[in-house]
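Peer 1: This is what each chain is made of:
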Amino acid sequence: MTLHLAVALDGAGWHPAAWREPDARPTELLTARYWTDLVREAQHGLLDLVTFEDSFGLPTRLDATLIAAAVAPRTSGIGLVPTVITTHTEPFHISKAIATLDYASTGRAGVRVRVDPHHTEHIGRRAPLDQNDLLDEAADYVEVVRRLWDSWEDDAEIRDTATGRFVDRDKLHYVDFAGRWFNVKGPSITPRPPQGQPLVFALAHAAPVYRFAERAADVVLVTPRDADDAAAITAQITGVPHVFGELTVFLDGADRLARLNDRAELTTDTAVFTGSATELADLLLAWQQHGLTGFRLRPGTLPHDLTAITRGLVPELQQRGVFRRSYEDGTLRDRLGLPRPGNRYAATQGAR
Amino acid sequence: MTNTRTKQVHLAAHFPGVNNTTVWSDPAAGSHIEFSSFEHFARTAERARFDFLFLAEGLRLREQGGEIYDLDVVGRPDTFTVLAALSGVTTHLGLAGTINSTFNEPYEVARQFASLDHLSGGRAAWNVVTSWDAFTGENFRRGGFLAEDDRYRRAEQFLRTAWELFDSWRGDEILADKETGEFLAGPRPGAFAHKDDHFDISGQFNVPRSPQGRPVIFQAGDSNEGREFAAATADAIFSRHGTLEAGQAFYADVKGRLARYGRTPDSLKVLPAATFVLGDTDADAREQAAVVRRQQVSGQTAIKLLEQVWNRDLSAYDPDGPLPEEDPLLGEHTVAKGRASVRMTRDPLATARKWRELATEKNLSIRELMIEVSSRQTFVGTPSTVAEQINDLVQRDASDGFILVPHITPGGLDVFADTVVPLLQERGVFRTEYEGTTLREHLGI
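Chains A and B, in that order, are what the protein sequence lines are. For the first sequence, our numbering begins at 1 and goes up steadily by one. For the second sequence, our numbering begins at 1 and goes up steadily by one.
Honestly, I wouldn't trust all of these hints.
Distance condition first, Cα-Cα at most 20 Å in a straight line; then the derived DMTMM-like pairs of lysine to aspartate or glutamate [stated by the list, open to error]: (1) B/K7 to B/E245; (2) A/K185 to B/E67; (3) B/K354 to B/E372; (4) B/K178 to A/D23; (5) A/K185 to A/E137; (6) A/K185 to A/D168; (7) A/K185 to A/E143; (8) B/K178 to A/D255; (9) B/K354 to B/E326; (10) B/K337 to B/E57; (11) B/K7 to B/E435; (12) B/K337 to A/D168; (13) B/K7 to B/E388; (14) B/K7 to B/E433; (15) B/K362 to B/E325; (16) A/K185 to B/E63; (17) B/K354 to B/E368; (18) B/K178 to A/E28; (19) B/K7 to B/D266; (20) A/K185 to B/D133; (21) B/K354 to B/E325; (22) B/K337 to A/D170; (23) B/K178 to A/D262; (24) B/K337 to A/D176; (25) B/K354 to B/D320; (26) B/K337 to B/E63; (27) A/K185 to B/E57; (28) B/K195 to A/E121; (29) B/K178 to A/E265; (30) B/K7 to B/D392; (31) A/K185 to B/E138; (32) B/K178 to A/D10.
Worth flagging that the hints you see were computed from the coordinates, not collected in a lab.
Modelling step: build the complete structure from the supplied sequences, incorporating the hints.
Peer 2: Spelled out as structure tokens, the structure:
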């Protein structure tokens, strides 16, 4: 059995004092070079994908989708999964943005969707929503994004000089979504992306979010405390192709973590690992027995823990025969064993 | 400031758009959506030391007669995402995107432009447009309808709100002092509070000041209000007046409005859109230009273009026959949707009268007439002729340069870069190397 491995990139790392580490580059967090260096390191380690966090509030950061886009033509092989905030954005814009990322990366795009109960005053459009409404809206949002990705059939562009038609309009489809939160007509302005449906990720800590992930996601990210908890969580989730465990990691770093915690206390929603690459490999393979198909590791500090993953953990996993030794051709979907889906509109009447 | 250097030409490249200027039927025409096409186009523009690359935007597929319009290129990428990706394959080229102020919120657009400006090292530009049609609004949660009179007000307030967000960071707040543990200086960096007719927002902006401070601002409005808005707020105008007399009149008009905003004439660049056809001889270029015009206006396209003025179904007419006897239908425009140009025909009856006279005088069919009135190229000739025309128009203050719109994707710019640009460089009116790294530096603003 092989496992899938993702790294969550955020700022200088997930520890609040990470930026004070000797190898940290805190003045470069807003540059393309910084992100390109990190993603290339992850690519060197043949990781499945990296994610990019996002938020409409502090700390300071750049738009995650645009970071992923800037990195896309400078990398190959590795999946690029930015976070988008469903609460404050337009599904029409995000659908074409992720489709465009999929074109720019030739089939390596995904998107992690996230709700945000805060920052409504940054938008000024409405009052904050409660958790149930946020999730209900997010589910509609993903439905619209997915319909828009399918709103062009793959062979809609015909360039038929005989009839003068660039597209076959019977293969373009109105999505006609009408819901509680918004109505969206369609079709998208962007043709169906290379993967057909880029992968949708969701982070979930509790039953209502598991239900959301079952409706919306291809990969659900969960936060078990230990192996037994992993078993308990995966038993609650059905119908999502991949369940990845989340873990914040400080490799060879018990002393380092103590020093960092003297400067700022780490508060986290995940289990925290400190130890060697060998010990981490043991832990991942043990947890994997309980229904996880992969992991998203949160490096405590960057670049230290990323490099420890790519240069320490990955060779360890390769030796045990559970991790790839090269990227195979293909899309991110291919890598996760998910075939390119058919188009929901393909058999129906065109846009008229 | 004294400057004895000859007035310099500014050049930009407009990625071919979703209208009949773009000839997709040509065997040389490539993809309009694959990233490789955008990369090719951007690399050509940068190799030729152009100021910037420009992307238009339309947020709903165009329709005519109740059906999606299928005769032109259909489909395009997301503007911000493709510009960010292009920042990864270029180093100096400005990256200009059209972004609508009706179907976005200031906070997110300011974040995206500030992010693009950081990622590109100071190369972002924003062509601010405002839609007012409920047709496009059907794709968005906020809907879209805006009274036409209100649209410049919305655009101006949107822009000023975005400026407050860009300016909420001075640029010196990031200390990142590993010893003291101080990351940011000041109590509430990025704090903002803005309230007007359209926006009521407050909080802390989470993108620190970008290399250009603010992206370069473009305006494309041509009305009196549009020109005034540009004079008050824009760094460059994307104009439609590419000929000598019309160009000079427009140039003098908008530059003349700047003083009342305390601005110098140099602080606003006037850049008309321009098409071109190059040939080995001027006669050869003219011949090719005629071929291109026939490619751009097929018989079917001619009927559709005519419908956009007539505002009625003319599918029964023969494009090789005479103009319809019936008059344009007045009132609300219902035939063509998602297309800004149909609103430019303010008086369809007068246009119809003028076109009938022209058709009678020259004995033109519908198609010949539409070729005559709709698709005359700006520059036609040898590279030497075209370089001379461009420089002449710039030196005579008909413009500060041009935004070139090739008719072939993505290679249509290559021949211009290879043949016309060196001639402008020889004349000393166009840069041979980039002198700065930001778009503001390229434009001298």
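Peer 1: For every hint, state whether the structure bears it out.
Peer 2: Now the hints, each set against the structure:
{"no.": "1", "hint": "B/K7 to B/E245", "in the structure": "holds (19 Å)"}
{"no.": "2", "hint": "A/K185 to B/E67", "in the structure": "holds (14 Å)"}
{"no.": "3", "hint": "B/K354 to B/E372", "in the structure": "holds (13 Å)"}
{"no.": "4", "hint": "B/K178 to A/D23", "in the structure": "holds (11 Å)"}
{"no.": "5", "hint": "A/K185 to A/E137", "in the structure": "holds (17 Å)"}
{"no.": "6", "hint": "A/K185 to A/D168", "in the structure": "holds (19 Å)"}
{"no.": "7", "hint": "A/K185 to A/E143", "in the structure": "holds (13 Å)"}
{"no.": "8", "hint": "B/K178 to A/D255", "in the structure": "holds (18 Å)"}
{"no.": "9", "hint": "B/K354 to B/E326", "in the structure": "holds (14 Å)"}
{"no.": "10", "hint": "B/K337 to B/E57", "in the structure": "holds (15 Å)"}
{"no.": "11", "hint": "B/K7 to B/E435", "in the structure": "holds (16 Å)"}
{"no.": "12", "hint": "B/K337 to A/D168", "in the structure": "holds (19 Å)"}
{"no.": "13", "hint": "B/K7 to B/E388", "in the structure": "holds (14 Å)"}
{"no.": "14", "hint": "B/K7 to B/E433", "in the structure": "holds (17 Å)"}
{"no.": "15", "hint": "B/K362 to B/E325", "in the structure": "holds (17 Å)"}
{"no.": "16", "hint": "A/K185 to B/E63", "in the structure": "holds (13 Å)"}
{"no.": "17", "hint": "B/K354 to B/E368", "in the structure": "holds (15 Å)"}
{"no.": "18", "hint": "B/K178 to A/E28", "in the structure": "holds (14 Å)"}
{"no.": "19", "hint": "B/K7 to B/D266", "in the structure": "holds (11 Å)"}
{"no.": "20", "hint": "A/K185 to B/D133", "in the structure": "holds (14 Å)"}
{"no.": "21", "hint": "B/K354 to B/E325", "in the structure": "holds (14 Å)"}
{"no.": "22", "hint": "B/K337 to A/D170", "in the structure": "holds (18 Å)"}
{"no.": "23", "hint": "B/K178 to A/D262", "in the structure": "holds (14 Å)"}
{"no.": "24", "hint": "B/K337 to A/D176", "in the structure": "holds (18 Å)"}
{"no.": "25", "hint": "B/K354 to B/D320", "in the structure": "holds (19 Å)"}
{"no.": "26", "hint": "B/K337 to B/E63", "in the structure": "holds (5 Å)"}
{"no.": "27", "hint": "A/K185 to B/E57", "in the structure": "holds (18 Å)"}
{"no.": "28", "hint": "B/K195 to A/E121", "in the structure": "holds (11 Å)"}
{"no.": "29", "hint": "B/K178 to A/E265", "in the structure": "holds (16 Å)"}
{"no.": "30", "hint": "B/K7 to B/D392", "in the structure": "holds (11 Å)"}
{"no.": "31", "hint": "A/K185 to B/E138", "in the structure": "holds (6 Å)"}
{"no.": "32", "hint": "B/K178 to A/D10", "in the structure": "holds (18 Å)"}
When held up to the earlier numbered hints, the structure conflicts with none and fits them all.
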